[in-house]
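> Residue-level listing of the chains:
Protein chains: 2
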Amino acid sequence: MIDHDLAALGDAFINFVHSLALSNKTGRAAGSKVKGTLLAEALRRAELREHMPSRMTTHKLADAAEALLVYAWLNGCVTIEESVATLEENSDSIEGLTLLLKKAKSRIKLS
Amino acid sequence: MIDHDLAALGDAFINFVHSLALSNKTGRAAGSKVKGTLLAEALRRAELREHMPSRMTTHKLADAAEALLVYAWLNGCVTIEESVATLEENSDSIEGLTLLLKKAKSRIKLS
Numbered sequence: 001m002i003d004h005d006l007a008a009l010g011d012a013f014i015n016f017v018h019s020l021a022l023s024n025k026t027g028r029a030a031g032s033k034v035k036g037t038l039l040a041e042a043l044r045r046a047e048l049r050e051h052m053p054s055r056m057t058t059h060k061l062a063d064a065a066e067a068l069l070v071y072a073w074l075n076g077c078v079t080i081e082e083s084v085a086t087l088e089e090n091s092d093s094i095e096g097l098t099l100l101l102k103k104a105k106s107r108i109k110l111s
Numbered sequence: 001m002i003d004h005d006l007a008a009l010g011d012a013f014i015n016f017v018h019s020l021a022l023s024n025k026t027g028r029a030a031g032s033k034v035k036g037t038l039l040a041e042a043l044r045r046a047e048l049r050e051h052m053p054s055r056m057t058t059h060k061l062a063d064a065a066e067a068l069l070v071y072a073w074l075n076g077c078v079t080i081e082e083s084v085a086t087l088e089e090n091s092d093s094i095e096g097l098t099l100l101l102k103k104a105k106s107r108i109k110l111s
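If you read the protein sequences in the order shown, they are chains A and B. For the record, in the first sequence the residue sitting at position 79 is 79 according to the numbering used here, with numbers rising by one throughout. For the record, in the second sequence the residue sitting at position 46 is 46 according to the numbering used here, with numbers rising by one throughout.
None of these hints come from the bench; they were simulated from the model. Note that the structure is a prediction, hence the values are computed from the model and not measured. All the given hints hold, so there is nothing to weed out.
Identical copies look the same in the list; a pair holds intra-copy or inter-copy alike.
Derived lysine to any residue pairs resembling SDA-like cross-links, with alpha carbons at most 20 Å apart:
hint	residue 1	residue 2
1	K103	D92
2	K33	D5
3	K25	K35
4	K25	L74
Isolated chain A (complex conformation):
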């Protein structure tokens, strides 16, 4: 999960998916960058923090979340449509991201 290059691709992925979810929610096209603090908190809530080394910065935790999310998409564990729907259904961004990370976690394990 601690792959800087994958995190960079994941950053583009999650910003796109989050922008689509926000657009659908508000009924108006929008662009949105997901903050690292939100991703790091979602990683903790998805109980993924414990799988990682101690002493990681918020930035590194956010990178891990981004890497995991795009890894799941690249491997066909989640679709863009489902990712958008998951974020859209949750009014709270952190909750939506947590749920998405949980899906990624469970499906990557199973595949």
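Using the hints, position chain B against chain A.
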């Protein structure tokens, strides 16, 4: 084409698609933000500049390109896969973007 909100969503779209194309090309995951100057030049080469008001800044032209690209995707005129492949096949980013804009232009007209 001059819709600021759509351009913001388009920014997330083109960064994601461009990052995927770059990742495929280099065989290594990567994130990449597409510069406005490239988008504005691609818009000119796709012969879309003449459809727009005069006295537009590079930033506004880039916005128009982003809006058009995501509009085409939202309306099913291009897929993410095709967009990535189009950018990937062209070693020059501007050429890839130009081709993608031309596809969007011709298909939106026909639909």
